[in-house]
Amino acid sequence: MYSERILCAGFGGQGVMSLGKLIAYAGMLDGRHVTWMPSYGPEMRGGTANCSVVVADQPVGSPIVTTNATCLIVMNLPSFEKFQHSVSSGGLILFNTSLIDRQVERRDVLAQPLAANELAAECANPKAANMVMLGAYMGLKGAPRLDHVVKAMKKVFGDGSSTLFNQNMKAVRKGMEAVGKVTASKKAA
Amino acid sequence: MKGNEALALAAIHGGCTHFFGYPITPQNEIPEFLARELPKAGGLFLQAESEIAAVNMLYGAAAAGARAMISSSSPGLALMQEGISMLAATEIPCVIVNVMRGGPGLGGIQPAQSDYFQMTRGGGNGDYRIISLAPATLQESAEMMQEAFALAQKYRTPVFIVSDGMLGQMMEPVELNKSRSKERVAEQPWILTGHHNNRSPRTIKSLRLDPAELEIHNLRLQEKYKRISQAEVRFEAYREVDAELLFCAFGSTARIVKNSVDDLHQKGYRAGLIRPQTLWPFPALAFRSLPKSCRSVICVEMNCGQMLDDVKLAVEGRVPVHFYGRCGGMIPEPEELTARALDILSGDSQ
Amino acid sequence: MSVIFSKTSGLTETATHYCPGCTHGIAHRLVAEVLEELGLLGETIGCASVGCSILSYNYLNVDMIECSHGRAPAVATGIKRTVPEKTVFTYQGDGDLASIGTAEIVHAAHRGENITVIFVNNAIYGMTGGQMAPTTLAGQKTTTAPEGRQPEFSGLPLKMSEMLAQVPSASYVERVSLHHPKYIRKAKKAVLRAFTCQMEHRGFSLVELLSTCPTGWGLDPIDSLEWLEANMIPYYPLGVFRAPEEV
Numbered sequence: 004m005y006s007e008r009i010l011c012a013g014f015g016g017q018g019v020m021s022l023g024k025l026i027a028y029a030g031m032l033d034g035r036h037v038t039w040m041p042s043y044g045p046e047m048r049g050g051t052a053n054c055s056v057v058v059a060d061q062p063v064g065s066p067i068v069t070t071n072a073t074c075l076i077v078m079n080l081p082s083f084e085k086f087q088h089s090v091s092s093g094g095l096i097l098f099n100t101s102l103i104d105r106q107v108e109r110r111d112v113l114a115q116p117l118a119a120n121e122l123a124a125e126c127a128n129p130k131a132a133n134m135v136m137l138g139a140y141m142g143l144k145g146a147p148r149l150d151h152v153v154k155a156m157k158k159v160f161g162d163g164s165s166t167l168f169n170q171n172m173k174a175v176r177k178g179m180e181a182v183g184k185v186t187a188s189k190k191a192a
Numbered sequence: 155m156k157g158n159e160a161l162a163l164a165a166i167h168g169g170c171t172h173f174f175g176y177p178i179t180p181q182n183e184i185p186e187f188l189a190r191e192l193p194k195a196g197g198l199f200l201q202a203e204s205e206i207a208a209v210n211m212l213y214g215a216a217a218a219g220a221r222a223m224i225s226s227s228s229p230g231l232a233l234m235q236e237g238i239s240m241l242a243a244t245e246i247p248c249v250i251v252n253v254m255r256g257g258p259g260l261g262g263i264q265p266a267q268s269d270y271f272q273m274t275r276g277g278g279n280g281d282y283r284i285i286s287l288a289p290a291t292l293q294e295s296a297e298m299m300q301e302a303f304a305l306a307q308k309y310r311t312p313v314f315i316v317s318d319g320m321l322g323q324m325m326e327p328v329e330l331n332k333s334r335s336k337e338r339v340a341e342q343p344w345i346l347t348g349h350h351n352n353r354s355p356r357t358i359k360s361l362r363l364d365p366a367e368l369e370i371h372n373l374r375l376q377e378k379y380k381r382i383s384q385a386e387v388r389f390e391a392y393r394e395v396d397a398e399l400l401f402c403a404f405g406s407t408a409r410i411v412k413n414s415v416d417d418l419h420q421k422g423y424r425a426g427l428i429r430p431q432t433l434w435p436f437p438a439l440a441f442r443s444l445p446k447s448c449r450s451v452i453c454v455e456m457n458c459g460q461m462l463d464d465v466k467l468a469v470e471g472r473v474p475v476h477f478y479g480r481c482g483g484m485i486p487e488p489e490e491l492t493a494r495a496l497d498i499l500s501g502d503s504q
Numbered sequence: 003m004s005v006i007f008s009k010t011s012g013l014t015e016t017a018t019h020y021c022p023g024c025t026h027g028i029a030h031r032l033v034a035e036v037l038e039e040l041g042l043l044g045e046t047i048g049c050a051s052v053g054c055s056i057l058s059y060n061y062l063n064v065d066m067i068e069c070s071h072g073r074a075p076a077v078a079t080g081i082k083r084t085v086p087e088k089t090v091f092t093y094q095g096d097g098d099l100a101s102i103g104t105a106e107i108v109h110a111a112h113r114g115e116n117i118t119v120i121f122v123n124n125a126i127y128g129m130t131g132g133q134m135a136p137t138t139l140a141g142q143k144t145t146t147a148p149e150g151r152q153p154e155f156s157g158l159p160l161k162m163s164e165m166l167a168q169v170p171s172a173s174y175v176e177r178v179s180l181h182h183p184k185y186i187r188k189a190k191k192a193v194l195r196a197f198t199c200q201m202e203h204r205g206f207s208l209v210e211l212l213s214t215c216p217t218g219w220g221l222d223p224i225d226s227l228e229w230l231e232a233n234m235i236p237y238y239p240l241g242v243f244r245a246p247e248e249v
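Residue numbers (this note's numbering), protein chains in the order written: chain V, 4 to 192; chain H, 155 to 504; chain A, 3 to 249.
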C-alpha cells in the first residue's frame, strides 16, 4: 500500500513550500489521497520554512509529518540538523550539498546528496534548486508522474512566463538525471 | 487552497454578505481571503478594532438583515463570548468560525481542541446553546460552512464552525459547490428596517427586568434548543458494528483515529469510531445503543479531556470510558493510539 | 382655538422611568423632535446602550436595538454598513461611552463611521447607583469615591469631546448643556447638525449633552441644574470642537 510521508525543509525563499505543493498536487492527479500542511506562525519569521506532504492510497489522517517521515527533502543546514532524525528507518534523505557540508550520520536510511544550487545554475535559473530536488525525488521514487507535475506547475505557479516554466522543467530533468533515472520518465514529458 | 481559504470561499458560496474580522493566528487566511474576494461578490469586509467590536458589528449587521459571519481563534473567541451570549438571547442568525489553537491564556498557535467547553458550554453568561459543527476534512469544512447559514436562518440562532490550526492551514482536495446561494434573508418580522411610519417600532433586546417575563423567554429558548437537539444531531459511525473497542473523536483528531482503527483491524482487533459532527447537540444517541460487542470506549482529543464529559454522560456507566489526549499543539500519531488501544484490549487499561 | 404646541410623534406614549429632575427626558425629546422634523422617524435605527437609557427603546418611536455595555458604536457600525441608507444613531451615557466603551467609540470615529452619537454626560454611573465614572469631577462624591474623587489616586476626568475631536476622521463634535431652556435650544441645534451631517454623508458626528443626575448627585432637581452650571461647565467647556466645512 502506497504511503509517502514527506517533509520538505529549508530557508524561506528556497521554494520548499511550492516544492511540497507540487508533489501534493501531482500526487492528487496520480489518483492518490494527498494533504499539504505548512509550518506557520513566528517559526516562519525566523527564516526556516517547512511543509509536510502525505500521499497515500488511503484517506490521510494526520497531515503533519514530524516523525516517521518516509522522505526528507532538505535544502539548508539548520533544517538538516533539525529533521534528519525525523525520518523512519529505511527512509530517504535527499539533501542539498550546495548548502549542507555535512554527511548523513545515520546508516539505516538512504542518503542522496545533490548539489542543487549548482545544478540549478546550469539551467540558467539558480533559484530553481527546489525543482532540481523535485526531479531527484521523482527519479528515485518513480512518482509523481512527470506529465502530472507539468499540470501541477501551471496550477501552483499560474500560467505565467513560459521562460520560467521551461527553466523549471529543465531543472526538474536535471534533478532526474542527477540520480540517474532520466530515461524512465522521458516518454511522459 | 488552504483549509481556511476553502472555508472562506464556501462562505461566499453560502451567501455570506458581511464579514467582520480581526487578525489572530491560525485563522488569518479567512479575513485575508474575504478582504480580497467578498467585495468582488458584492459583499462587505471590514476589519474591526478587536474581537469584541467584531462580534458586535456582526450583531448589528445581522439585525439589519445581513448574512453575516466572523472568525477568530481561541483567545479571540473568549473575547467574543459577551457578544455571543447577546446573539443567543436576541436570536440573531449568524455564523462564527473558531480555528482552535492551544490554551489556556495565549497558549500557543498550533492545532488543539481545547475549546470544546467554550464551543458547547455556552461560554458567555446565561442558559443558552449554540449549534456547533465540527468538520474533519476540508470537504466537510466547505459543506458545513455553506449549510451553517441555512441552519442559522432556520432556527434564528448563531452557528459555530469548530475548526483548528490543522484543518485551517492544511491543503487537500475539495470539490466546491459553486452554486452561490442567491437566497436573501427574507423580510422577517424582527429585522430592523426602520418602521416607514406604517408599523409600530421594532426592538431587539435581551433585557427583561421582570423575572416572570425572563423565565418565559428562557423557556421558549429551551424549547427551541430541544427541537434542534431532536432534529440536528449528526455523527459518523465507522466500523462500529462489531467493535469491541469504540473510539470517540471529533475534527482533525478523528482523521488520525481512523488510521488507528484501520491499523487495529489489520492486526486483527475490532475497533470502531463514533465521530460527532455536531458537538452540540452531542450525539448521545450513538452511545445509547452501543453494539453488544463493545467492551470499552476511548475518547481521544487534542486537549486534556473535555468531550470526555459528554461521552461519559452518554455511556451512562455501562462500559468503562478511557481517555487519551495530547495538548498544547501536540498532534497524536496513529501508533500511539493503537498502542493505547492494545493496552485497553488486553485488559491493561492503566 | 389653535394648537400651538404638541408632543413630538418621535416619542411613544410610554411614561419614562427616569428620576424626577433627570435630563434624559429632555435629551430624548430633542432626538425625537429632530428626527421628526427631518422626516426620518421611519428610516432610523437607534442603538440603546447599558445605563439608565437602556430602556430608551420604550420611549423613542424608531426601530431600536439593545447593545452590550460600551459596544453601541460597533453595533451601529454593523447596521450602517448593512443599510447605509438608514439613519443610525447611538444613545450612550458616560459610563458606557467614556469607560467600558472607549475602544468602540474611538474606532467608530477613527473609521469615520457615518453615524450620530448622542452622548449624555452626567459625571456619574446613574443606573447602578451613583458610582464614580471617568467623567466624575475632582472632589465629587460618589458611592465608590466616598471622600470625593481624588485626582492623585483616580486621575482627572476624561474630556471625551476634546479627545474625539483629535481623531482625524471624526467629522463633527460639539458639547452642549441641558441645564437651562436657552442652552436646550442650542443643544437642539447641535443634535440637528449632527443628524444633518449623517444625511450629508459627512461621517462621524457626536453631540455631548451635559446632564444632571439629582439622585446620584444627592441634590434636588433645581440645585442639580445650578451644580451643573457651576461645576461641570467650567471643566467641560461648551462649544464646537470639530466641524466639517459649511455645515
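It is worth saying that the hints were derived from the structure and are not from the lab.
Wrong hints could be hidden among the right ones.
To be verified - Listing some non-contacts, in silico: residues in chain V with all C-beta distances to chain H over 10 Å:
(1) 24
(2) 27
(3) 31
(4) 36
(5) 37
(6) 38
(7) 39
(8) 41
(9) 93
(10) 106
(11) 107
(12) 114
(13) 146
(14) 150
(15) 154
(16) 162
Stated by the list, open to error - Below, simulated BS3-like cross-link-like pairs (lysine-lysine); rule was C-alpha separation at most 25 Å, straight line:
(17) V:173 x V:154
(18) V:158 x H:378
(19) V:144 x V:173
(20) V:157 x V:85
(21) H:466 x V:154
(22) H:332 x H:359
(23) V:144 x V:158
(24) H:446 x V:158
(25) A:190 x H:359
(26) H:308 x H:378
(27) A:88 x A:161
(28) A:88 x H:194
(29) H:446 x H:380
(30) A:143 x A:161
(31) V:157 x H:421
(32) A:9 x A:143
(33) H:421 x H:446
(34) A:9 x A:161
Claimed, not checked - Short derived list, chain H residues pointing at chain A, Cβ under 8 Å:
(35) 210
(36) 211
(37) 212
(38) 343
(39) 344
(40) 357
Just so it is clear, CB atoms sit at the ideal spot from N, CA and C, and this is done for glycine as well.
Here's how the hints hold up against the structure:
1. 24: At about 7 Å from chain H, residue 24 of chain V fails to clear the 10 Å cut-off, so the statement is violated.
2. 27: Violated, since 7 Å does not exceed 10 Å.
3. 31: 5 Å, violated
4. 36: Violated, since 8 Å does not exceed 10 Å.
5. 37: 6 Å, violated
6. 38: 4 Å, violated
7. 39: 4 Å, violated
8. 41: 6 Å, violated
9. 93: 16 Å, holds
10. 106: Since the minimum Cβ distance to chain H is about 29 Å, residue 106 of chain V lies beyond 10 Å and the statement holds.
11. 107: About 23 Å separates residue 107 of chain V from the closest Cβ of chain H, which puts it past 10 Å; holds.
12. 114: Given that every Cβ of chain H is farther than 10 Å from that of residue 114 of chain V, nearest at about 24 Å, it holds.
13. 146: 17 Å, holds
14. 150: 18 Å, holds
15. 154: 14 Å, holds
16. 162: 17 Å, holds
17. V:173 x V:154: Holds, at roughly 15 Å.
18. V:158 x H:378: Violated, because 47 Å separates the two Cα atoms, which is more than 25 Å.
19. V:144 x V:173: 19 Å, holds
20. V:157 x V:85: Distance of about 32 Å is beyond 25 Å: violated.
21. H:466 x V:154: 50 Å, violated
22. H:332 x H:359: Cα-Cα ~37 Å, so violated.
23. V:144 x V:158: 22 Å, holds
24. H:446 x V:158: 50 Å, violated
25. A:190 x H:359: 28 Å, violated
26. H:308 x H:378: 11 Å, holds
27. A:88 x A:161: Distance of about 30 Å is beyond 25 Å: violated.
28. A:88 x H:194: Holds - the C-alpha atoms of residue 194 of chain H and residue 88 of chain A are around 24 Å apart, at most 25 Å.
29. H:446 x H:380: 29 Å, violated
30. A:143 x A:161: Holds, at roughly 19 Å.
31. V:157 x H:421: Outside the cut-off at roughly 42 Å; violated.
32. A:9 x A:143: Given pair residue 9 of chain A, residue 143 of chain A is violated - Cα atoms ~37 Å apart, limit 25 Å.
33. H:421 x H:446: 21 Å, holds
34. A:9 x A:161: Given that 25 Å is the threshold and the Cα spacing comes to 34 Å, the pair is violated.
35. 210: 4 Å, holds
36. 211: 4 Å, holds
37. 212: For residue 212 of chain H, the interface hint holds, since the closest Cβ of chain A sits about 6 Å away, which is under 8 Å.
38. 343: Violated: closest Cβ of chain A sits about 12 Å from residue 343 of chain H, beyond 8 Å.
39. 344: 10 Å, violated
40. 357: Cβ of residue 357 of chain H sits 4 Å from chain A, so the hint holds.
Violated hints, in rising order: 1, 2, 3, 4, 5, 6, 7, 8, 18, 20, 21, 22, 24, 25, 27, 29, 31, 32, 34, 38 and 39; the structure is consistent with all others.
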